[in-house]
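So the sequences go chain by chain: A and B. The first sequence begins at 1 in the numbering used here and counts up one residue at a time. The second sequence begins at 1 in the numbering used here and counts up one residue at a time.
Each hint should be verified, as a subset may be incorrect.
Said to hold, decoys possible - The calculated DMTMM-like cross-link candidates involving lysine to aspartate or glutamate, where the alpha carbons are at most 20 Å apart (straight line), are:
hint, chain 1, residue 1, chain 2, residue 2
1, A, 7, B, 181
2, A, 7, A, 87
3, A, 10, B, 70
4, A, 45, A, 79
5, A, 84, A, 101
6, A, 45, A, 87
What the hints assert, rightly or not - Looking from chain B toward chain A, a few residues come up when the C-beta cut is under 7 Å (computed):
hint, residue
7, 66
8, 67
9, 245
Hints were generated in silico from the structure; no laboratory data involved. Think of the CB as a built atom: it goes at the ideal place given N, C-alpha and C, for glycine as much as any other residue.
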Amino acid sequence: MLRDALKSRKAHILLAVAGCYIAWQLWLTIAAPRKIADFGNAPEKVNVLITLPFPPERFHVQLFQTYGRVSGTQENAVEVRGVKRADLTTVARPYWVTRVEPLQPGG
Amino acid sequence: MMEFPLKLWSHYVRLTARWPSIGSIAPFLPVIAAWWIISELQIFPRVFLPGPGEVMHSFRSLVYTGILPEYLQDSVVRLAVGTFWGVALGVPLGILVGLSPRAHRALWPLLLFFQAIGDIAWLPILVIWFGYGLVTMTVVIVYTVIFPVVLNTVLGVRSIPITMHRAALSLGASRARMVWEVILPGALPNIMTGLRNGLGYGWRALIATEIIVGTSGIGFLMFDARRAGSVVEILLGMIILGILWYIVDSWILAPVERATGQRWGLVTR
Chain A
1 MLRDALKSRK
11 AHILLAVAGC
21 YIAWQLWLTI
31 AAPRKIADFG
41 NAPEKVNVLI
51 TLPFPPERFH
61 VQLFQTYGRV
71 SGTQENAVEV
81 RGVKRADLTT
91 VARPYWVTRV
101 EPLQPGG
Chain B
1 MMEFPLKLWS
11 HYVRLTARWP
21 SIGSIAPFLP
31 VIAAWWIISE
41 LQIFPRVFLP
51 GPGEVMHSFR
61 SLVYTGILPE
71 YLQDSVVRLA
81 VGTFWGVALG
91 VPLGILVGLS
101 PRAHRALWPL
111 LLFFQAIGDI
121 AWLPILVIWF
131 GYGLVTMTVV
141 IVYTVIFPVV
151 LNTVLGVRSI
161 PITMHRAALS
171 LGASRARMVW
181 EVILPGALPN
191 IMTGLRNGLG
201 YGWRALIATE
211 IIVGTSGIGF
221 LMFDARRAGS
231 VVEILLGMII
241 LGILWYIVDS
251 WILAPVERAT
261 GQRWGLVTR
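From just these sequences and the hints, can you work out the full model?
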């Protein structure tokens with residue numbers, strides 16, 4: 001029964017879509033650390049500036065609030081304070097995040 | 001003069017013979033054309049009825065900003081979790097009620113009673129108990145999926161010919177083997193029917209729940225768009241719901257339902 005189902009063209013398309021989705025997720029995981037700037041010997045929690053390719057909307061601000069305190073937005077960036085260093089890769093993972101860097105003092 | 005339409009038609013027939021799925025797109029073409037013409041003629045103001053082009057633009061924009069993939073993923077995950085628990089609880093319960101007259105006497109009236117209470121009717125109390133979160137949504141979906149699964153499983157178990165039971169018993173099958181090798185496969189076509197119905201209801205319940213208690217998901221996207229007066233996003237949400245359900249139902253559930261029916265001799269090719 002399963003063999004018959006897997007032989008159909010629809011099953012092939014669905015499997016191809018699932019394969020592409022997994023490959024895309026893998027790529028996001030691999031690409032995430034490259035978006036993070038060098039934080040040097042920063043403490044356990046850091047203040048970060050997350051740059052997007054577009055002005056952030058409510059959705060993006062709400063999402064970053066799960067990782068720290070959003071203290072404001074600049075043109076295409078969101079300031080988030082008190083982000084755990086362990087969460088930086090997760091913050092950088094979405095495809096619409098282009099850069100995660102330390103927030104300059106007074107920024 | 002008639003040559004071109006005939007050529008076009010023969011090309012279409014050959015194409016759909018090779019790719020039958022294209023045939024299922026064809027009925028939508030007149031609907032999209034009518035929508036496009038009406039919106040272009042501006043019979044209704046553009047704000048109330050945007051055209052297909054604007055909806056496509058909104059789709060691209062929401063994908064670019066990451067909002068649509070995130071919300072879509074949230075909705076699909078919620079449905080998957082709810083369906084998993086609906087099936088995990090519903091199938092054993094259905095087998096129990098179908099096999100045991102005592103369990104049937106005790107549980108059947110309860111099943112019918114609670115089936116009558118709509119899933120959305122539970123929302124006010126669920127919000128008080130579990131708050132505006134994933135638990136509330138999961139409970140609603142499980143509740144919606146479980147009844148069609150249980151009732152169809154009972155029907156499936158009861159429609160297995162008694163000769164099958166007797167044959168298995170006379171061959172020395174234990175109770176567990178009876179359930180695994182006779183009852184469950186025999187009831188599978190009905191279980192699939194129940195699952196197909198349950199998922200359909202569950203999908204609608206999920207959207208309604210997201211509209212009322214959600215903070216993400218396609219239902220939330222549509223309801224949030226209402227606040228901004230963005231008919232484009234509401235239409236986009238509706239189109240996504242339709243396409244997604246079409247794929248799940250006709251590409252996954254219907255073939256499995258057909259295959260189980262054929263496997264157990266209830267349907268022939």
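Inset, instruction - Below or equal to 20 Å on CA atoms is what counts here, so check residue 7 of chain A against residue 181 of chain B. - result: violated (25 Å)
Inset, instruction - Verify the proposed pairing of residue 84 of chain A with residue 101 of chain A, using a straight-line Cα cut of 20 Å. - result: Distance ~13 Å between residue 84 of chain A and residue 101 of chain A Cα, so the pair holds.
Legend entry - Given hint residue 87 of chain A paired with residue 7 of chain A - CA-CA distance at most 20 Å: Since the Cα atoms of residue 7 of chain A and residue 87 of chain A sit roughly 42 Å apart, the hinted pair is violated (cutoff 20 Å).
Inset, instruction - Have a go at the residue 66 of chain B hint: is there a Cβ in chain A nearer than 7 Å to its own Cβ? - result: holds (4 Å)
Legend entry - Evaluation of the interface hint that places residue 67 of chain B against chain A, nearest CB under 7 Å: holds (5 Å)
Legend entry - Pair hint outcome, residue 10 of chain A versus residue 70 of chain B [Cα-Cα no greater than 20 Å]: Status violated; Cα separation ~25 Å.
Inset, instruction - Would you check the hint for residue 45 of chain A and residue 87 of chain A, treating anything up to 20 Å between C-alpha atoms as holding? - result: Holds. Residue 45 of chain A to residue 87 of chain A sits at ~10 Å (cutoff 20 Å).
Legend entry - Straight-line alpha-carbon gap residue 45 of chain A to residue 79 of chain A, limit 20 Å: Between residue 45 of chain A and residue 79 of chain A the Cα gap is close to 14 Å, so the pair holds against 20 Å.
Legend entry - Given hint residue 245 of chain B near chain A, where the shortest CB pair must fall under 7 Å: Hint violated; residue 245 of chain B Cβ to chain A Cβ min 15 Å, cut 7 Å.
Violation of the numbered hints given earlier is confined to hints 1, 2, 3, 9; the remaining hints are satisfied by the structure.
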